[in-house]
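Peer 1: Sequence:
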Amino acid sequence: APATTASLLMQKAAIPLWSAGMMILALIFSRSRGGILVMVLMAALLLYLLAFPRRYKFLGTGLLLLFIGIYGGAIGFAEVVDRFTTFYESALYRFDLWRKSLDMLWDHVVTGIGMGSYEFLSPAYLQDVPSSLWFDRAHNEYVELTIELGLPAMLLLVAWLAWGMTRAGATLLRTKKNQRDRNEMNLHDLAAAGAFCGITGLLLHAWVDFVWRLPVIIIYAVVLLAVMHAKRERKEGSGADRPAEGISP
265 APATTASLLM QKAAIPLWSA GMMILALIFS RSRGGILVMV LMAALLLYLL AFPRRYKFLG
325 TGLLLLFIGI YGGAIGFAEV VDRFTTFYES ALYRFDLWRK SLDMLWDHVV TGIGMGSYEF
385 LSPAYLQDVP SSLWFDRAHN EYVELTIELG LPAMLLLVAW LAWGMTRAGA TLLRTKKNQR
445 DRNEMNLHDL AAAGAFCGIT GLLLHAWVDF VWRLPVIIIY AVVLLAVMHA KRERKEGSGA
505 DRPAEGISP
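Residue numbers (the working numbering): 265 to 513.
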(Lines of atoms letter the chains of each structure in order from A and count residues from 1; the text may use other names and numbers.)
(Lines give C-alpha, C1' and ligand atoms only; values in the text may rest on other atoms or scores of the structure.)
Protein backbone atom coordinates (compact mmCIF):
# COMPACT_ATOMS: atom_id res chain seq x y z
CA ALA A 1 0.00 0.00 0.00
CA PRO A 2 1.24 3.55 -0.71
CA ALA A 3 0.97 4.53 2.97
CA THR A 4 3.08 1.56 4.04
CA THR A 5 5.68 2.31 1.39
CA ALA A 6 5.90 5.97 2.46
CA SER A 7 6.31 4.88 6.09
CA LEU A 8 9.16 2.52 5.19
CA LEU A 9 10.85 5.17 3.11
CA MET A 10 10.69 7.70 5.91
CA GLN A 11 12.07 5.21 8.44
CA LYS A 12 15.02 4.32 6.21
CA ALA A 13 15.62 7.91 5.14
CA ALA A 14 15.30 9.62 8.55
CA ILE A 15 18.96 9.47 9.62
CA PRO A 16 20.42 10.36 6.18
CA LEU A 17 17.82 13.14 5.80
CA TRP A 18 18.64 14.91 9.06
CA SER A 19 22.35 14.25 8.62
CA ALA A 20 22.12 15.88 5.20
CA GLY A 21 20.33 18.81 6.81
CA MET A 22 23.16 19.36 9.28
CA MET A 23 25.80 19.14 6.55
CA ILE A 24 23.86 21.56 4.35
CA LEU A 25 23.61 24.01 7.26
CA ALA A 26 27.37 23.71 7.80
CA LEU A 27 27.98 24.48 4.13
CA ILE A 28 25.58 27.42 4.10
CA PHE A 29 27.18 29.00 7.15
CA SER A 30 30.65 28.47 5.75
CA ARG A 31 29.46 31.28 3.43
CA SER A 32 31.13 29.66 0.45
CA ARG A 33 29.23 31.11 -2.49
CA GLY A 34 30.58 28.55 -4.93
CA GLY A 35 29.85 25.71 -2.54
CA ILE A 36 26.27 26.85 -1.94
CA LEU A 37 25.50 27.24 -5.65
CA VAL A 38 27.02 23.85 -6.49
CA MET A 39 25.06 22.26 -3.65
CA VAL A 40 21.77 23.59 -5.08
CA LEU A 41 22.64 22.31 -8.56
CA MET A 42 23.63 18.87 -7.24
CA ALA A 43 20.46 18.61 -5.16
CA ALA A 44 18.42 19.29 -8.30
CA LEU A 45 20.46 16.71 -10.25
CA LEU A 46 19.98 14.08 -7.54
CA LEU A 47 16.22 14.64 -7.48
CA TYR A 48 16.16 14.22 -11.24
CA LEU A 49 18.16 10.98 -11.17
CA LEU A 50 16.10 9.34 -8.43
CA ALA A 51 13.26 7.11 -9.58
CA PHE A 52 11.04 7.93 -6.60
CA PRO A 53 7.54 9.23 -7.38
CA ARG A 54 7.34 13.02 -7.36
CA ARG A 55 5.27 13.14 -4.17
CA TYR A 56 8.10 11.46 -2.24
CA LYS A 57 10.63 13.87 -3.73
CA PHE A 58 8.50 16.86 -2.77
CA LEU A 59 7.94 15.45 0.71
CA GLY A 60 11.64 14.83 1.37
CA THR A 61 12.67 18.20 -0.09
CA GLY A 62 10.02 20.00 1.93
CA LEU A 63 11.07 18.39 5.21
CA LEU A 64 14.72 19.17 4.51
CA LEU A 65 13.97 22.82 3.70
CA LEU A 66 11.82 23.10 6.81
CA PHE A 67 14.65 21.75 8.96
CA ILE A 68 17.18 24.13 7.36
CA GLY A 69 14.81 27.08 7.64
CA ILE A 70 14.06 26.54 11.33
CA TYR A 71 17.62 25.91 12.51
CA GLY A 72 19.24 28.29 10.04
CA GLY A 73 16.76 31.01 10.86
CA ALA A 74 17.62 30.68 14.54
CA ILE A 75 21.26 31.33 13.69
CA GLY A 76 20.55 34.02 11.09
CA PHE A 77 21.15 34.13 7.34
CA ALA A 78 22.19 37.80 7.19
CA GLU A 79 25.93 37.17 6.80
CA VAL A 80 25.31 34.55 4.12
CA VAL A 81 23.14 36.97 2.15
CA ASP A 82 25.77 39.70 2.51
CA ARG A 83 28.35 37.42 0.90
CA PHE A 84 26.20 37.15 -2.22
CA THR A 85 25.89 40.94 -2.53
CA THR A 86 29.56 41.02 -3.59
CA PHE A 87 29.25 38.03 -5.92
CA TYR A 88 29.71 40.02 -9.14
CA GLU A 89 32.79 41.91 -7.97
CA SER A 90 34.37 38.71 -6.65
CA ALA A 91 33.70 36.91 -9.94
CA LEU A 92 35.39 39.69 -11.93
CA TYR A 93 38.39 39.61 -9.59
CA ARG A 94 38.80 35.86 -9.97
CA PHE A 95 38.51 36.03 -13.76
CA ASP A 96 41.31 38.59 -13.72
CA LEU A 97 43.40 36.34 -11.45
CA TRP A 98 42.96 33.37 -13.81
CA ARG A 99 43.85 35.49 -16.85
CA LYS A 100 47.06 36.74 -15.27
CA SER A 101 47.95 33.29 -13.95
CA LEU A 102 47.76 31.84 -17.45
CA ASP A 103 50.88 33.82 -18.36
CA MET A 104 52.76 31.08 -16.50
CA LEU A 105 51.28 28.50 -18.86
CA TRP A 106 52.29 30.33 -22.03
CA ASP A 107 55.91 30.20 -20.86
CA HIS A 108 55.67 26.44 -20.09
CA VAL A 109 52.95 25.12 -22.41
CA VAL A 110 54.28 21.56 -22.89
CA THR A 111 55.92 20.64 -19.61
CA GLY A 112 54.15 22.94 -17.15
CA ILE A 113 55.86 24.45 -14.15
CA GLY A 114 55.62 21.32 -11.98
CA MET A 115 53.16 20.22 -9.31
CA GLY A 116 53.01 22.56 -6.34
CA SER A 117 55.02 25.30 -8.05
CA TYR A 118 52.21 27.79 -8.54
CA GLU A 119 52.57 29.34 -5.11
CA PHE A 120 56.28 29.96 -5.69
CA LEU A 121 55.98 31.49 -9.18
CA SER A 122 52.76 33.44 -8.69
CA PRO A 123 54.50 36.46 -7.05
CA ALA A 124 56.62 36.90 -10.18
CA TYR A 125 53.63 36.85 -12.53
CA LEU A 126 51.07 38.64 -10.36
CA GLN A 127 53.19 41.73 -9.79
CA ASP A 128 50.29 44.20 -9.86
CA VAL A 129 48.58 42.38 -6.99
CA PRO A 130 48.95 44.30 -3.68
CA SER A 131 52.03 43.20 -1.75
CA SER A 132 49.83 42.41 1.25
CA LEU A 133 48.18 39.60 -0.75
CA TRP A 134 49.81 36.30 -1.67
CA PHE A 135 47.91 34.04 -4.00
CA ASP A 136 49.26 30.57 -3.33
CA ARG A 137 46.27 29.13 -5.23
CA ALA A 138 44.62 30.16 -8.49
CA HIS A 139 41.15 29.42 -7.05
CA ASN A 140 40.49 27.32 -10.14
CA GLU A 141 41.80 23.75 -10.19
CA TYR A 142 41.61 23.52 -13.97
CA VAL A 143 43.66 26.65 -14.49
CA GLU A 144 46.19 25.75 -11.80
CA LEU A 145 46.60 22.13 -12.90
CA THR A 146 46.99 23.18 -16.53
CA ILE A 147 49.76 25.56 -15.47
CA GLU A 148 51.48 22.91 -13.36
CA LEU A 149 51.04 19.87 -15.62
CA GLY A 150 51.24 21.51 -19.03
CA LEU A 151 48.57 21.61 -21.71
CA PRO A 152 49.01 18.07 -23.17
CA ALA A 153 48.75 16.30 -19.79
CA MET A 154 45.79 18.43 -18.76
CA LEU A 155 43.93 17.66 -21.98
CA LEU A 156 44.39 13.95 -21.31
CA LEU A 157 43.12 14.37 -17.75
CA VAL A 158 40.03 16.31 -18.86
CA ALA A 159 39.31 13.77 -21.60
CA TRP A 160 39.54 10.94 -19.06
CA LEU A 161 37.23 12.74 -16.63
CA ALA A 162 34.72 13.53 -19.38
CA TRP A 163 34.73 9.93 -20.63
CA GLY A 164 34.27 8.46 -17.15
CA MET A 165 31.53 10.86 -16.05
CA THR A 166 29.66 10.58 -19.35
CA ARG A 167 29.70 6.80 -19.09
CA ALA A 168 28.54 6.87 -15.47
CA GLY A 169 25.81 9.41 -16.24
CA ALA A 170 24.51 7.37 -19.18
CA THR A 171 24.35 4.27 -16.97
CA LEU A 172 22.35 6.14 -14.32
CA LEU A 173 19.91 7.48 -16.91
CA ARG A 174 19.35 3.96 -18.26
CA THR A 175 18.85 2.69 -14.73
CA LYS A 176 16.31 5.43 -14.02
CA LYS A 177 14.36 4.54 -17.17
CA ASN A 178 14.34 0.84 -16.25
CA GLN A 179 13.23 1.60 -12.71
CA ARG A 180 10.38 3.70 -13.99
CA ASP A 181 9.32 0.88 -16.27
CA ARG A 182 9.53 -1.74 -13.48
CA ASN A 183 8.18 0.61 -10.78
CA GLU A 184 10.97 -0.30 -8.37
CA MET A 185 13.76 1.47 -6.48
CA ASN A 186 17.07 -0.10 -5.52
CA LEU A 187 19.27 1.13 -2.67
CA HIS A 188 22.41 0.45 -4.71
CA ASP A 189 21.07 2.68 -7.48
CA LEU A 190 20.34 5.38 -4.90
CA ALA A 191 23.92 5.19 -3.60
CA ALA A 192 25.32 5.30 -7.14
CA ALA A 193 23.22 8.37 -7.98
CA GLY A 194 24.37 10.13 -4.82
CA ALA A 195 28.01 9.27 -5.53
CA PHE A 196 27.71 10.55 -9.10
CA CYS A 197 26.25 13.84 -7.88
CA GLY A 198 29.02 14.14 -5.28
CA ILE A 199 31.75 13.68 -7.89
CA THR A 200 30.00 16.09 -10.26
CA GLY A 201 29.85 18.65 -7.46
CA LEU A 202 33.58 18.32 -6.84
CA LEU A 203 34.27 18.81 -10.54
CA LEU A 204 32.07 21.91 -10.70
CA HIS A 205 33.32 23.45 -7.46
CA ALA A 206 36.87 23.09 -8.75
CA TRP A 207 36.15 25.90 -11.23
CA VAL A 208 36.11 28.48 -8.44
CA ASP A 209 38.23 26.99 -5.65
CA PHE A 210 41.09 24.60 -4.82
CA VAL A 211 39.05 21.70 -3.47
CA TRP A 212 41.26 19.01 -5.03
CA ARG A 213 44.22 20.15 -2.94
CA LEU A 214 42.64 19.06 0.36
CA PRO A 215 43.52 15.46 1.37
CA VAL A 216 40.11 14.87 2.99
CA ILE A 217 38.39 15.76 -0.30
CA ILE A 218 40.57 13.30 -2.19
CA ILE A 219 39.69 10.51 0.26
CA TYR A 220 36.02 11.42 -0.07
CA ALA A 221 36.25 11.36 -3.88
CA VAL A 222 37.90 7.93 -3.83
CA VAL A 223 35.05 6.60 -1.67
CA LEU A 224 32.47 8.00 -4.07
CA LEU A 225 34.28 6.49 -7.05
CA ALA A 226 34.38 3.14 -5.25
CA VAL A 227 30.60 3.31 -4.74
CA MET A 228 30.03 3.96 -8.44
CA HIS A 229 32.47 1.23 -9.43
CA ALA A 230 30.84 -1.27 -7.05
CA LYS A 231 27.48 -0.52 -8.64
CA ARG A 232 28.88 -1.21 -12.12
CA GLU A 233 30.51 -4.44 -10.94
CA ARG A 234 27.22 -5.53 -9.42
CA LYS A 235 25.40 -4.85 -12.67
CA GLU A 236 27.96 -6.69 -14.78
CA GLY A 237 28.26 -9.60 -12.36
CA SER A 238 24.59 -10.34 -11.80
CA GLY A 239 23.01 -8.87 -14.88
CA ALA A 240 20.46 -6.99 -12.74
CA ASP A 241 19.99 -5.80 -9.21
CA ARG A 242 17.42 -7.17 -6.87
CA PRO A 243 15.16 -4.44 -5.43
CA ALA A 244 15.86 -3.67 -1.81
CA GLU A 245 13.33 -5.04 0.65
CA GLY A 246 10.57 -2.55 1.38
CA ILE A 247 11.76 -0.01 -1.21
CA SER A 248 9.30 -0.62 -4.00
CA PRO A 249 7.16 2.50 -4.41
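Don't take every hint at face value.
Unchecked claim - Cross-link-like lysine to any residue pairs, in silico, SDA-like; alpha carbons within 20 angstroms at most:
(1) Lys321 - Met306
(2) Lys321 - Leu451
(3) Lys364 - Leu311
(4) Lys441 - Leu311
(5) Lys321 - Glu405
(6) Lys321 - Met286
Don't read these hints as lab results, they were simulated from the structure. Owing to the predicted nature of the structure, the values given are computational and were not obtained by experimental measurement.
Peer 1: Checking against the hints above, which ones are violated?
Peer 2: Hints 3 and 5 not satisfied by this model.
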